[in-house]
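> Chains as they are written, first to last, in the numbering used here: chain A, 1 to 251; chain B, 1 to 406; chain C, 1 to 626.
Don't read these hints as lab results, they were simulated from the structure.
One or more hints might be untrue.
The list that follows gives simulated cross-link-like pairs (lysine to any residue, SDA-like), each with its CA atoms no further than 25 Å apart [claimed, not checked]:
1. C:Lys136 with C:Leu101
2. C:Lys575 with C:Leu101
3. B:Lys209 with C:Leu259
4. A:Lys78 with A:Arg164
5. B:Lys187 with C:Trp438
6. B:Lys187 with C:Gln437
7. B:Lys209 with C:Phe138
8. B:Lys326 with B:Arg120
9. B:Lys187 with B:Val400
10. B:Lys209 with C:Ala542
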Amino acid sequence: MSLLRVEGLSKAFGGFEAVRDVSFTLEAGERLAIIGPNGAGKSTCFNMIGGQLRPDRGRVLLNGEEITGLPPRAVWRKGVGRTFQIAAAFGSMTVVENVQMALLSHHGRARALFPLARALYREEAMALLERVGIRDQAERFCSVLAYGDIKRVELAVALAHGPRLLLMDEPTAGMAPAERHALMRLVSAIVAERGIAVLFTEHDMDVVFAYADRILVINRGRLIAEGPPERVRADREVQAIYLGSSVEAPA
Amino acid sequence: MTKRRGLLPAVAGLAIAGMTASVPGETAETIRIGELNSYNRFPAFTEPYKKGWQLGFEEINAAGGVLGKQIEVISRDDGGTTGDAVRVAEELVVREKVAFIFGTFLSNIGLAVADFANQRKVLFIASEPLTDALTMAKGNRYTYRLRPNTYMQTGMLVDEAKDLGKTRWAIVAPNYEYGQSAAANFKRLAAEKIPGVEIVIEQFPALGKIDAGATVAAIEQANPDAIFSALFGGDLAKFVREGTTRGLFEGRTVLSLLTGEPEWLDPLKDEAPVGWIVTGYPWEQIDTPEHEAFVAAYRAAYDDYPRLGSILGYTLAYTIKAMLEKAGSTDTEAMLAAMEGLRIESSPAGPFYIRDLDNQATMGAWVGKLAVEGGRGKMVDWRYVDGEPYMFPAEEVRRVRPDLQN
Amino acid sequence: MDPGFLFVQFLNGLATASFLFMASAGLTIVFGVTRIVNFAHGSFYMLGAYIAYTLAGVFMEVAYGAVSFWGAIFLAAAIVGLLGVLLELVVLRRIYDAPELFQLLATFAVVLIVQDLVRMTWGGEDLLGPRAPGLKSFVVVLDRRFPEYELAMIFAGPLVLGALWLLFHRTRFGVLVRAATLDREMVGALGVNQALLFTGVLFLGAFLAGLAGALQLPREPANPYMDVNIIVEAFVVTVIGGMGSVTGAFLAALLIGELQAFGILIFPKITLVLAFLVMAAVLIVRPYGLLGRPQAESHAAARAGAGLAAGTPLQRSLWMGLLAFLLLLPLFADEYSLKLAIELLIFGLFAFSLNFIMGWGGIVSFGHAAYFGLGAYGAALLVHHLAWPMEAAILSAPLVAGVAALVFGALCVRLSGVYLAMLTLAFAQIVYAIAFQWVELTGGDNGLIGIWPSSWASSRTVYYYLTLAVTLAGIGLLWRFLYAPFGYSSRAVRDSAIRADAIGIDPRYQRWLAFTVSGIAAGLGGGLYVFSKGNIDPEVLAIPTSVDALTMVLLGGVETVTGPLAGAALLTLLKDFVMPLTLYWKMVMGGLILAMVLAFPKGLVGILGDRLPGLQAAPTGRERPA
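In isolation and in its complexed conformation, chain A is listed as follows:
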């Protein structure tokens, strides 16, 4: 059974069909990238899997269990962690508190009225920060963090409940190239050590081809190519979409 199975996913906004009949699967331990030009429907796809959007048609199955149309919190509870294209963190909290927040929720104590939140699951949170490499930033407020560091905070937050699947929407957007590779190496290592899967979208083709086991290409809402990097790279239609240029070019 595939970890994630997407069948015939479709979504229209008004008359505009943002995603049309997209199907694919994702196995545990796999790194799957979705690429495509701006407005191709990548984020819409992502948001339908994550629960932020309800699909018009199609199904999403996690380990064979249907999660179609569940709200984000329910999808999360099923073992999906995600990061956002525009990094979303709790700006008024410190880095470690952001992670603690996710841990509190995971342990079902997010609405506890009396214990002091700072003291709860702190060590666990610090360990996660250690793992994503920003333990030294633990006491800083997210609102003053560099963007790249916020992306790492998001990753730590997404990992807090031990997800089986990571959804990462443009994990390296806004980062310098060296930083991008560092982050993706980290993600790859985590995927490997935890035996989980990651589905990500990415603009940087370098990153895509370096870290994806498999690639989905979406254009105008439709899946037009799928396969390992070499095959996608060679695909004519894909090349045409990227303006005829070699696919490696855009950086």
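Chains B and C: place on chain A using the hints.
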């Protein structure tokens, strides 16, 4: 008016102040009285009232004061809400150590301060609230009132209309206690006194927000013979303009509470609704010596003419004087005893007394018709109607007043 | 009913709608562009009427006629427009960067100042202006008279709408206004001089308010209650229409005008609450009003709100000192000081409960009086009708308020921003109307009296200690909740709802719970309040009570924990100090509030925190690298 202490400075000074207090409300030279009213929120009525009592006490003090002492009034704004008013009353009693308090305009504030007075065992003379409840269902032995209440004034108007043969009546009143109780009183008294009376429509626009066009059209549609109104202020002006233009008042009798009071009549200027039967105050035409003296003194002091509030305030000052002289001290029980049946033989409004049964004065009101003369409204064919016959029946007072139960 | 009457009543509704629209158009434009909730709009309206009264008097003395009359009307509107410019230049411009809604406090201060200024200038009596020359009479419509002026005004509303449409579609200024309404930052990015645009918009908004007020002159006297009477209705129209949408305001005005004209035939007392009922109904079905759109999320991604930090030693010793002072107060304070202290503690709890959702949950309530007042009424009714003892009544107060908060909150938290705030206001007004109208139960606007403490607590000192214990417990609990996971969850939802949802926190549910907790705490305050006063009336549920709470929170500092307490203390003591000093205490209060707004745009505690880091360790990480 006087110095004031906040919470923090109080901390320093109060221990001392507490030790020096003796008889409340009295020092060697003065008798201190507290006063509070909605000066900021309802200036149109309260300013003339304030000038009235100030003039009264100035005259009294100039003539040697009361019991050989000068009267000192500590006056406060009551904030226009019950919450503030009760706090201010407390401040007057505790900090200023006044002998008793008087004032208030709105009915709800009057009732709240009356209840405070009852709780703190302080004499309270309500000057302007009209609500019947103040001397009836929510009356208490510490609270008195001079002004004729809604029931009395409505009764006077109904008497004017009872022989006119009008049976189909419309009621329009502002949607709050005064308007609602005026409407209820009217229904009750009209049923008693006007044969075959029928209320064909009632309109209760929110205070200050009358939708005059729609209200006038609705009343017109019900085709009444006569209208009873308790509107005042901006609502009244809107209603009069719309109604006049649309011909609502043509061929119809209109009874209107308070409309003849200069406070509400004068702003209407030459658009005052001719022929309306109203309660009010034709100050320029009252020629008793007491009243003429009052008007002269008032004009000399303020270069302005008196309103209803003015004569009320002025009369109140002299009522207080009479009460203190009868009581002989500022001891609350003595003052309460003095208030019982207190007779004022001469006042600008004529003689009256305070009925000990319900603590309501028998002071009456002027009832007449409106006319326009020289570009302004005035009352004609008016007469002063003594309040006594229009008071609540004694049996009813005994039934509803809580302090008269068993 | 006969058709002639129905038609005339329909015309009456149209005329009312026209006036409502003109009074609201400026408000919605100003909000659309500047996002300022402008309380002073009502003041502009009132000033329009007064200035037109004076000008018309002068002009028509010189030459009686239509030219003089209409000249006075438009000149008055223009003068008011310039006053709007003055407000923008002198006040608003300095505080655009302050936390959301802080500008509201400034405009509220302006309302207080203008009220007293008007009174000083024109006196307290109503001033009936002239009728419009040439429009004094009536026309006969289906055998019924209809005033010419009202008929003319039926056309004036659409005329203004048309003029605004031309302005917005045919001029550069208008196009910018529309663009800014859709996306304010985009316009800034295009290199448009934003300051100039705002000045222009304030002129337009104030001009329209002044015009609407001036046009009232032939209908009602200029009077000192015009500002308050119109502002709430104008807000309602604006919100029903969708904030920023002029056409929406027009539709909303039509809806209210007609419902009112026909509603009074069936429910003669409906004007008190009709507009709020319509608003609640519309917002429940359409969360952004008839023609409104969700506000474009600010690109600066929700400026980070305040954070929490552990107390510093300095803070702790200050708190211990304050506690000791409060405990010892009865030893050296007189009864009145204790009364003041009781009030202050209760308002402290009330303001703290508001900020529990406002500052720490991003839920602004314009109707928090409902929960405070329902607590008070709940306790009072139990004492009055069922003769419950004080202790049980006070304990029931938070329950009554909590149930209301639970029900209203469920509907409110589906909305956001100003729409949410206005829905809370609508519910508060509905509760107010019930308390006002249900005379048999509540005593109507006279209220209930004789709600005094049990005999053991009737001594002022005992009641003070009781209040101290209960309010401190209430504040202490809320405070603890802020530092507990519950408060963190609220804050998480405020900071980023999408992120919260993606880690398993249901934003709406969390907001609902926080709203309810806040309502419970406010109700507890209300229960204590009623026994401290001995009486209760609908005033406690009315808008001024909600505005007081907002003022306390904003004055003290919305992004602080202790700000609301400081704000409550400040406002209560200030009022107590200023009121006896002068008849014009509102103006003095307004002036002081305005001065503080300009001097401390983060609120009192906010500014203290910046100056003295030891005092308020809560950091407010504002600057966020893009």
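> Each of the hints needs a verdict: does it hold here or not?
Hint-by-hint comparison with the structure:
Distance check on the hinted pair: lysine 136 (chain C) and leucine 101 (chain C) sit about 44 Å apart at the alpha-carbon level, beyond 25 Å; violated. At most 25 Å may separate the alpha-carbon atoms for a hinted pair to count; lysine 575 (chain C) and leucine 101 (chain C) meet this at roughly 23 Å. Taken as a hint, the lysine 209 (chain B) and leucine 259 (chain C) pair is honoured in the structure, with Cα atoms around 15 Å apart against an allowance of 25 Å. Straight-line distance between C-alpha atoms of lysine 78 (chain A) and arginine 164 (chain A) comes to about 9 Å, which keeps the hinted pair within the 25 Å bound.
Distance hint between lysine 187 (chain B) and tryptophan 438 (chain C) is fulfilled; the C-alpha atoms sit about 20 Å from each other, no more than 25 Å. Distance hint between lysine 187 (chain B) and glutamine 437 (chain C) is fulfilled; the C-alpha atoms sit about 19 Å from each other, no more than 25 Å. Taking the CA atoms of lysine 209 (chain B) and phenylalanine 138 (chain C), the gap is about 23 Å. The hint holds against a cut of 25 Å. For the proposed pair lysine 326 (chain B) and arginine 120 (chain B), the alpha carbon gap of about 23 Å is at most 25 Å, so the pair holds.
Distance check on the hinted pair: lysine 187 (chain B) and valine 400 (chain B) sit about 19 Å apart at the alpha-carbon level, within 25 Å; holds. Between lysine 209 (chain B) and alanine 542 (chain C), the direct Cα distance comes to roughly 16 Å. Compliance with the 25 Å bound is thereby established for this hinted pair.
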